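Chemist: Each chain is listed here by its residues.
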Amino acid sequence: DGGITQSPKYLFRKEGQNVTLSCEQNLNHDAMYWYRQDPGQGLRLIYYSQIVNDFQKGDIAEGYSVSREKKESFPLTVTSAQKNPTAFYLCASGTGNQPQHFGDGTRLSIL
Amino acid sequence: AQSVAQPEDQVNVAEGNPLTVKCTYSVSGNPYLFWYVQYPNRGLQFLLKYITGDNLVKGSYGFEAEFNKSQTSFHLKKPSALVSDSALYFCAVRPNNAGNMLTFGGGTRLMVKP
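For the protein sequence lines, the chains are C and E, in the order given. For what it's worth, the numbering used here labels the leading residue of the first sequence as 1, then goes sequentially. For what it's worth, the numbering used here labels the leading residue of the second sequence as 1001, then goes sequentially.
For the record, the hints were derived by calculation from the structure and aren't laboratory data. Since this is a predicted model, take the numbers as computed values, not measurements. Here a beta-carbon is modelled for each residue, glycine too, at the ideal position from N, C-alpha and C. Treat the hints with care, since some could be wrong.
[Said to hold, decoys possible] Simulated DEER-style distance windows between Cβ atoms:
no.: 1; chain 1: C; residue 1: Gly-16; chain 2: E; residue 2: Pro-1079; range: 52 to 58 Å
no.: 2; chain 1: E; residue 1: Pro-1007; chain 2: C; residue 2: Asp-38; range: 18 to 24 Å
no.: 3; chain 1: E; residue 1: Asn-1055; chain 2: C; residue 2: Lys-14; range: 31 to 37 Å
no.: 4; chain 1: C; residue 1: Pro-8; chain 2: E; residue 2: Tyr-1039; range: 17 to 23 Å
I would like the entire structure built from these sequences, with the hints used as guidance.
Modeler: This is how it looks when you write it as structure tokens:
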């Protein structure tokens, strides 16, 4: 089945540590997105990539970094500069006029 | 810039009663409009979309939405609510020249009581 796989499902970060969240899609979608969701809140766009080897900052990019070396993969690194990283992180992909497809998220907490 | 408003943080409805979850939008040009549902600790699932054509759009799980251009609204509806419909619902908009980017509303929690 085609879809988006996010791993791990749960992740814990120690202070000063960088952590990387994985997002892989086999839908052959050109565009990929990272969103942050805080409890009871909507989605805020962190980074997006419309094509391989290119990406743009979203609304809340500070403290995060991404890469897009392959069409299928769009990993997100939460750096130590992100002082409030506890949230639910959602990855999505899309193409053309079709709806974005979402993974099942990674929940990041602070140790 | 485009925006989406979901004026109700929570909607409560009894099982078997009709439900409406409201959404209004602001976008230049003709909008593409979407509804998604999110269950606890899961990603968003696509319910339905409006691109062009009939103003009443039918989607998954018996949901439908009515596009009203004059009121810039795209309310989600279901004739008879189920307890299993309890979830978080998001409306999203995209200008028709914005590729695949979406702007999401803040979400509405639907609680269906037995």
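Chemist: The structure should be examined with respect to each hint, and the outcome stated for every one.
Modeler: Status of each hint after checking the structure:
1. Under the hint 52 to 58 Å, the C-beta atoms of Gly-16 of chain C and Pro-1079 of chain E, about 54 Å apart, fit the expected range.
2. In this structure, Pro-1007 of chain E and Asp-38 of chain C meet the distance hint of 18 to 24 Å, their C-beta atoms being roughly 20 Å apart.
3. At about 53 Å, the beta-carbon gap between Asn-1055 of chain E and Lys-14 of chain C misses the expected band of 31 to 37 Å.
4. Our hint of 17 to 23 Å for Pro-8 of chain C and Tyr-1039 of chain E holds, since their Cβ atoms are close to 19 Å apart.
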